[in-house]
Amino acid sequence: MSEEIVSELMRAHVYRLASTGQRVDGRALDEPRKVTIERSFVSTAEGSARVKLGNTDVLVGIKMSVGEPYPDTPNSGVLSTSVELIPMASPTFEAGPPRPDAIELARVVDRGIRESKMVNMDRLCITPKEKVWVMFIDIHVLDYDGNLFDACSYGGVAALASTKVPAKAMGVGEDFALPVEHWPVSVTSVKIKDIVLVDPSLDEQRMADARLTVTTDENGDIRAMQKGLSGSFTYEEIKRIIETAQRVGREIRPLLKP
Amino acid sequence: MSEEIVSELMRAHVYRLASTGQRVDGRALDEPRKVTIERSFVSTAEGSARVKLGNTDVLVGIKMSVGEPYPDTPNSGVLSTSVELIPMASPTFEAGPPRPDAIELARVVDRGIRESKMVNMDRLCITPKEKVWVMFIDIHVLDYDGNLFDACSYGGVAALASTKVPAKAMGVGEDFALPVEHWPVSVTSVKIKDIVLVDPSLDEQRMADARLTVTTDENGDIRAMQKGLSGSFTYEEIKRIIETAQRVGREIRPLLKP
Amino acid sequence: MSEEIVSELMRAHVYRLASTGQRVDGRALDEPRKVTIERSFVSTAEGSARVKLGNTDVLVGIKMSVGEPYPDTPNSGVLSTSVELIPMASPTFEAGPPRPDAIELARVVDRGIRESKMVNMDRLCITPKEKVWVMFIDIHVLDYDGNLFDACSYGGVAALASTKVPAKAMGVGEDFALPVEHWPVSVTSVKIKDIVLVDPSLDEQRMADARLTVTTDENGDIRAMQKGLSGSFTYEEIKRIIETAQRVGREIRPLLKP
Amino acid sequence: MEDIEHIEKKVKLMDASGRRLDGRKSDELRPIRVEAGVLRRADGSAYMEWGGNRVLAAVYGPREAHPRHLQDPARALVQCRYNMAPFSVSDRKRPGPDRRSVEISKVISEAFSSVVFAEQFPRTSVDIFIEVLQADAGTRCAGLSAASVALADAGVPMRDLVASCASGKIEGVVCVDLNKDEDNFGDADCPMAIVPRTGEIVLLQMDGHLTYDEFQKAMDLSIGAAHRIYELQRDALRRRYSVTLEDILKESPPLPPPPPSEEPLPPIPPEDDFGPEGI
Amino acid sequence: MEDIEHIEKKVKLMDASGRRLDGRKSDELRPIRVEAGVLRRADGSAYMEWGGNRVLAAVYGPREAHPRHLQDPARALVQCRYNMAPFSVSDRKRPGPDRRSVEISKVISEAFSSVVFAEQFPRTSVDIFIEVLQADAGTRCAGLSAASVALADAGVPMRDLVASCASGKIEGVVCVDLNKDEDNFGDADCPMAIVPRTGEIVLLQMDGHLTYDEFQKAMDLSIGAAHRIYELQRDALRRRYSVTLEDILKESPPLPPPPPSEEPLPPIPPEDDFGPEGI
Amino acid sequence: MEDIEHIEKKVKLMDASGRRLDGRKSDELRPIRVEAGVLRRADGSAYMEWGGNRVLAAVYGPREAHPRHLQDPARALVQCRYNMAPFSVSDRKRPGPDRRSVEISKVISEAFSSVVFAEQFPRTSVDIFIEVLQADAGTRCAGLSAASVALADAGVPMRDLVASCASGKIEGVVCVDLNKDEDNFGDADCPMAIVPRTGEIVLLQMDGHLTYDEFQKAMDLSIGAAHRIYELQRDALRRRYSVTLEDILKESPPLPPPPPSEEPLPPIPPEDDFGPEGI
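Residue numbers (the numbering used here), protein chains in the order written: chain A, 1 to 258; chain B, 259 to 516; chain C, 517 to 774; chain D, 775 to 1053; chain E, 1054 to 1332; chain F, 1333 to 1611.
Fair warning: there could be bad hints in the mix.
To be verified - Restraint ranges, calculated between C-beta atoms of paired labels, are given here: (1) Ala-167(A) / Asp-994(D): 46 to 56 Å; (2) Lys-129(A) / Gly-1350(F): 45 to 55 Å; (3) Ser-1016(D) / Gly-354(B): 38 to 48 Å.
Said to hold, decoys possible - Heads up, simulated DSS-like pairs for lysine-lysine below, C-alpha to C-alpha not over 25 Å straight-line: (4) Lys-684(C) / Lys-387(B); (5) Lys-1357(F) / Lys-375(B); (6) Lys-647(C) / Lys-680(C); (7) Lys-680(C) / Lys-773(C); (8) Lys-1512(F) / Lys-1438(F); (9) Lys-497(B) / Lys-1438(F); (10) Lys-1549(F) / Lys-497(B); (11) Lys-1159(E) / Lys-755(C).
Stated by the list, open to error - So these bits of chain E aren't anywhere near chain C, every CB distance computed over 12 Å: (12) Asp-1151; (13) Lys-1159; (14) Arg-1176; (15) Glu-1253.
Derived from the structure by calculation, the hints contain no laboratory data. Virtual Cβ for every residue (Gly too), placed ideally from N, Cα, C.
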């Protein structure tokens, strides 16, 4: 996500269009790209989802294993979220340990899922203090055309919602679907100069001054937010972005359910 | 501690002064800078001390945890000493894993404390072979104006001497003060050309040819030594440096006691 | 093993010689260098061997420790092979974590020993599922004059064959020699343009287009192979290289036995 | 947000009269003390006590950015490193950056990027170091607020200081400036930072559960609190330089270096352990 | 060769009539499907399903090699990175390269080095990325074969495609293309790769136990299989570009870029889940 | 100083007559054997057996220092890497540098820095590699002494060789050259290194417990021992080159390369396992 430079020409073009409420790909300013989700793509995973958000393409796999709980939450399962920005997906991604961009991305996706209490973590306890289910969300970014925050989040939610816990194979009871109780939806907007638009494509994201990701639940309540980039927002802009996130969240939520 | 270059002018000035027994900050050649110690600076630590040696400023925190003993010392507690040369303290310090300078520094401070048997490690055994107290000395260098060896060592000794072992909270008996039995004091001298001076300031240290750190105990006995830098000492110089270390040690020792 | 550049002159000379069946050091194309092996070089190791293959010089030490078996092989010992290409051995080796060259080398040596079932791993089980012998083969390359694959493999085999398992000191029975059942011999050939030669010296290896290592057992059966470098082989060349490996293997095998 | 510690127990965080465990009202800040110019080597520095938090901030630069390939020919890089001392939390933290520190460093760097006049110093970096010496929830807000003072102390030209404060929700009540227990057992935490003169929001994060109305209430509390922080930041600079922030900002860019010490340093109150040369 | 998983049990891998557990004869390949041009950002790409393997390959380049000191003034670097997704195997694999991946990346890089016309592009690198999304033994052969298609899709000039297939021995019988159970409980595995037009062998590895005769039988099976893979690779490129591989190769070097889309894309068979823009 | 191993037990380290466990008197060295020129690739090398220690030292350079930004325009860098083989100690040591090795590498580098005529070779590095193949206490002294011979063997111009030996205290008696048991159960260890011609002390470390008087006794013993080591180092070079060290040093700088082999190599005594081409 350390972006290549966008030409001044492109920048001017995108901004001029946006000033009249238009975008290069024909969308309205508050219109997200098409989301398509394919579930159970990977049979070696306990759950998986392939998400395309426009041309951004991510594959998420869920692996479940049995481990120890954290000492401070002895009755709860454990959640671990990683994002790999593999160099396949973009000429700007490099192999190696995760950089700040990838770490922020993984942590924001994780917070949306964790703070919305999407999965009832207490039902992932096997033996208090000793054995709980550990849930790994591994996000593989395959093709990068902007707005990974939302694409990765949709992948994580959809994959979890399709996950079957392999309890039998591990000798700890019968298999069961992950106990999903809430449906967080992440919606990201960016600001280019004074214009705010939702679900930025790569070109739009490259020239954005500020970014705000808002995760809402099925009640429209806010579960997580993250502002990024070096620009700023006014309070009014933030309120409008939240309202957009609530509306777009309602549209996308049904797609994430199995 | 990879030092910036000192100007030739400064070098000449310091040396000319020193030839007449004087120093830039007005001290005698065998006179250390003022030491001030503030204890219990950090309430999240089991013991702590903020030490200023002239303008060199270090903060030391002690954390105690319960762990396993080393197989070869089943009845003794464990000591671990780290120094972080955080980039806040000097333009020449860089973030990242500890470099040889920081490793040497931590090991020399550790040896002074360990070899003087300052803390009775056998009294930190909880259950032989199984459970002992692990003592972490973490040294945070905040402002660097030369002679970290002594400043860090004073911080470590003073912090240990103020440490209360949180046995009750860990469910292994009543809280107790660390059993301190000896009082090591580290005194560092450097040699610039043919002149030896104690407790170098940053400018003096930058132009030093050789360095010798001598740790003595309350009997004036030697507990640890470390020669550094690419220059050499004569046997006679070393003897005089040890004598200085014994004398300065006597002056500083009372300051380290709580 | 990232090689220095060989001068065009040297390259032409080696190739011209080879076209007439000769080599710079007087060997025939299918003739390996002299192998000398010194056993029990290192008394701190449970087994060791110093191998010289021409001027290539490697030291291999075996350390045995008690550990857990892998879950999928609960009745078998564990084998771990490392190669350190220490900078002492060549101006082209650098300190630091193992590079792809060293990793490939270690894995090929490991496969030859593992796949030939040289050591009966089931006899290294102490308590099924719980305790087994862990066998570390550590290969230290001291002087590099080409063909490390074979030198390291000979060192590993000879060191294992001289290893005594220190069961008594670990409190798990009487000492015993490692149960050796097969005798793998690795033989490496390289191709320079259209000419194939065995056991390349450093100069030959530097200009080689392709490399093939074939490990055969005492029956002449193939236990491991590894093709390397960016060139290719014809099927016929590979067959001839295997036949050479079988013949040379028969010559060298007696040297590896204690 | 402070995910270092979680202890599972039921804690009553607010009494019947709406007072919090430490006696504060919902819109009340913890005691805060800030001091500028506390380190010698750094170009600028500040020390802040904020409730049980103790943070130190230092600034170097603008100085040549290195390694070179990171240099931006058009502007200074503004880079923050947020770090927790191993002894700053109950369970010792291993030295070095963890994922949480990396994220916080990133959002703080971004918060300052639009405030510093970076275009004036191409190819350089402005390096901000925040050390958390003792943590009690809200360390990123404290660190950011201290760093702001350190930037001014270093004479780095800026549009304004940045002031930061979190709000959150405990037992259904929106409150400002959560302490550690409130953060651990509360329902939401929402750190933010503003440019007080313009009201721009340069940092905003949130986790937990807030309705839209609660969020607005939280924001209002945080914005009010940030303005109080701003006063404290300005006081610290005034004590240090005997000039007002307005004097400093109106002359910038570039900010003149502080007068070497012709002005006598202000007396330090007796309960204050550190003079202007200590932290 | 796939050393990710070993389960110790006795498995009967072949029935009396010489049929394998999945019903295949000894010389029979698993079902294979390959598709070219499945990613947008990459210069070339391919997706392959081979039995239970699902692999994706992408190519960038020739592009400026960096860091600079790695540039070869005489030729392009051909660099492959083989990587397994954490969820591609039964027990989650930690992200990042392990020793096995490093070795496979190396031998695949070498396999392509003599096939790409690297001399035409000094100081550049041709970067090949192979991602194993789901693994079922034979991932290096599948990855290499897919990467070959991705190189052609990227328009990288080559002497020929490279085609790859392993053989092995199960219960004493030499068989082609082992699946996971056969690999785990079999007696030998021997992956190889050839340049089909010339028969040159560019990758060869083996472990297990083969007599010389068995090895030759295995090679014969692999070579035959590689030619079938070659057909599938060519089909994929033909479907993508409506031209034959011969058309592509005879014009190279350099290979012209694919016609931008004047040719309508071929219809995708209904059982095919991914169009040319998906994987 | 050798902190690899500690075993807690009571050991009687000295008998009534003042003899140590291995029969030595307090001022007696363990058997030492040193040989120059034992490796082919290195520019200079030496092998040393010292009691149960077996160490190998190699020198490359002066050669271009890299990476470039480390080059010193005024002088050569003298860099030592001290490393223990995994099998050199009872409990296998993980490959790679630990903190102890880093410290030892640093003090040995510094010990040589003032002895090498570094100003003659700006922008270069003189790289010294010490490998401990078998450890028995005193490895840094053995390594340093061997490296000194390797430097001379490489023709690196020096003011003198450096000779090194530790002293210590066992059961209250100051002794020279502690072995492993003496080091583990003794009261103090004090490794040092000198430039024999001038008596300068270039390395000095100590841990344990010594009175000032004991320290002086230890130093006297070490200095005496170092002079004996110096003789052995000179003998090794004399055997290798049939010239005396004085011949070598008086002609330097720069030291001429060793005569290519016109001089016949000296016969190797029969109990000597390694010729000049082995270690």
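Of the numbered hints stated previously, which ones are contradicted by the structure, given in increasing order?
-> 2, 5, 12, 13 and 15
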